[in-house]
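First to last, the sequence lines map onto chains E and G.
With our numbering applied, the first sequence corresponds to residues 1 to 235, in that order.
With our numbering applied, the second sequence corresponds to residues 1 to 292, in that order.
Simulated from the structure, these hints should not be mistaken for laboratory data.
Virtual Cβ for every residue (Gly too), placed ideally from N, Cα, C.
Some clues are possibly wrong.
[To be verified] Label-pair distances were calculated between CB atoms; the ranges are:
(1) E:G19 with G:Y107: 53 to 59 Å
(2) G:K163 with E:K55: 45 to 51 Å
(3) E:Q3 with G:L276: 53 to 59 Å
(4) E:K76 with G:A146: 45 to 51 Å
(5) E:K228 with G:R80: 51 to 57 Å
(6) G:T108 with E:G19: 50 to 56 Å
(7) G:P85 with E:L103: 54 to 60 Å
(8) E:Q192 with G:L217: 55 to 61 Å
(9) E:K129 with G:E2: 56 to 62 Å
(10) E:G62 with G:R279: 24 to 30 Å
(11) E:G62 with G:Y107: 35 to 41 Å
What follows is each chain in one-letter form.
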Amino acid sequence: MLQINDINVYYGNIQALKGVSLEINEGEIVTLIGANGAGKSTLLKTISGLAKPKKGDIIFEGDSISGKVAQTIVKKGISHVPEGRRVFSNMSVEENLELGAYLRKDKQGIREDFSKVYDLFPRLHERRKQLSGTLSGGEQQMLAMGRALMARPRLLLLDEPSMGLAPLLVKTIFRIIEEINNTGTTILLVEQNANMALSIASRAYVIETGKIVLSGTPDELNQSDQIKNAYLGGH
Amino acid sequence: MEWIQQLVNGISLGSIYALIALGYTMVYGIVKLINFAHGDVFMVGSFVGFYSISIFHLGFFPALLISMAVCAIFGVLIERIAYKPLRNATRIAALITAIGVSLLIEYTTIYARGAQPEAYPDKLLPFKNVEFFGVKISSQSLFILAISILLMILLQFIVHKTKIGKAMRAVSHDMDAARLMGINVDNTISATFAIGSALAGAAGVIFGMYYTKIEPLMGIIPGLKAFVAAVLGGIGIIPGAMVGGLVLGVIESLVSASGYSLWRDGAAFVVLILILIFRPSGIFGKNVREKV
């Protein structure tokens with residue numbers, strides 16, 4: 001479904017991604033794990049069009065999307081839930097969700113998706129008239145995910161959905177990620193919480209200082225000593 | 001009773017400031033730029049209205065609409081040509097460019113038509129004094145107020161209820177997050193300039209009707225005062241610009257009414273100094289705190 005071939009991305013003179021290649025098949029949950037500053041967020045931003053690769057290609061369902069503007073990429077069916085939620089805190093929950101469906105014209109479908117999102121996150125329905133800046137961190141994460149789902153994406157990019165959340169809430173969020181995946185949305189999940197991420201993923205990639213150093217199924221990664229020591233708090 | 005009349009005058013004048021201030025505040029809200037050329041868009045609007053009336057013999061409302069449309073296009077052109085290439089430059093570079101654009105518009109206008117003032121035709125609207133409990137109020141003041149309020153309600157509707165308005169608020173809050181929604185940020189910024197400039201154009205025509213004299217440098221002082229009004233209300237906050245404009249207009253007329261009419265222009269800048277010392281975020285401004 002998504003194929004990334006050997007991309008280089010720079011911030012000014014700093015090279016953030018060095019020849020990264022990665023592949024996602026339809027229906028998978030693929031997770032990308034790595035330390036702070038390894039290039040995880042940069043990779044997601046490059047897929048969603050916020051950063052441009054200097055070299056390499058990104059192919060989504062047969063079409064090249066590398067270097068395209070974010071608007072085109074959203075239209076093609078990729079939604080990105082950015083790190084730190086980035087909800088529009090000056091607007092109500094409802095308005096945030098409306099903006100998620102910004103490019104859509106099918107009123108009927110939008111209405112259906114509103115109820116789908118409210119089913120998935122009942123808390124958002126309770127607070128739909130509230131300014132999203134007054135929500136708790138967990139609720140904002142739910143809103144950011146709901147907002148992305150309003151675009152009816154086929155591929156959902158999630159950047160650190162568990163960041164700063166209480167353990168119980170992290171479990172809820174991961175359960176919902178699986179639920180979203182079960183309804184047919186492919187997911188690329190970036191996480192520092194490698195244990196949780198590997199528990200739901202079909203495949204995983206490990207990124208270090210801008211390079212993919214390892215990939216495989218969660219079982220394979222769980223067995224690698226290198227990964228155990230570096231990311232899983234192994235003994 | 002004279003006080004009440006002055007108060008009404010102040011509100012009329014203030015509503016003109018408010019219309020101009022809205023453009024400052026909207027543009028600041030979305031690209032963090034004080035568009036110092038905004039007062040000159042107001043001037044251009046005033047002249048477009050004047051020529052529509054004097055050369056094409058149009059009535060007040062067609063002139064108002066034409067002026068708003070021309071200013072909207074003019075505002076977008078200024079943004080695309082002068083500000084867009086500087087979007088990632090330092091804010092001071094954009095600010096200096098805005099001052100340059102302002103001077104360019106002023107002196108191009110003088111070059112094109114000369115510096116002499118024009119007298120706005122004053123027979124466009126029925127003129128009579130309405131009496132309320134012994135207070136004489138000119139129908140023109142009421143008319144100006146009505147148009148301004150109508151435009152502000154329209155603006156509130158656009159910003160809160162329409163798709164482009166929601167996009168504007170999203171972009172002003174977080175440009176990258178707005179991009180991720182599929183919002184075209186460049187078009188949204190252009191729309192903001194268009195709407196702000198159209199309001200300035202309307203203010204220009206209304207100003208011409210009210211004060212009858214217009215000239216190419218007329219935009220400087222109302223522009224600066226509208227800037228003060230925007231800061232007074234809290235820059236970037238739309239209701240703030242409306243209230244700030246009205247408050248400033250009333251303060252000015254009260255200063256005149258107390259017999260210090262020569263101090264009138266100074267009053268606005270005293271207000272600016274006081275607000276910057278005591279409440280730099282303005283009347284409606286709040287200390288932004290975000291949950292992480």
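For this session: Please name the hints from earlier in the document that this structure breaks, with their numbers sorted from lowest to highest.
Result: 2, 7, 9, 10, 11
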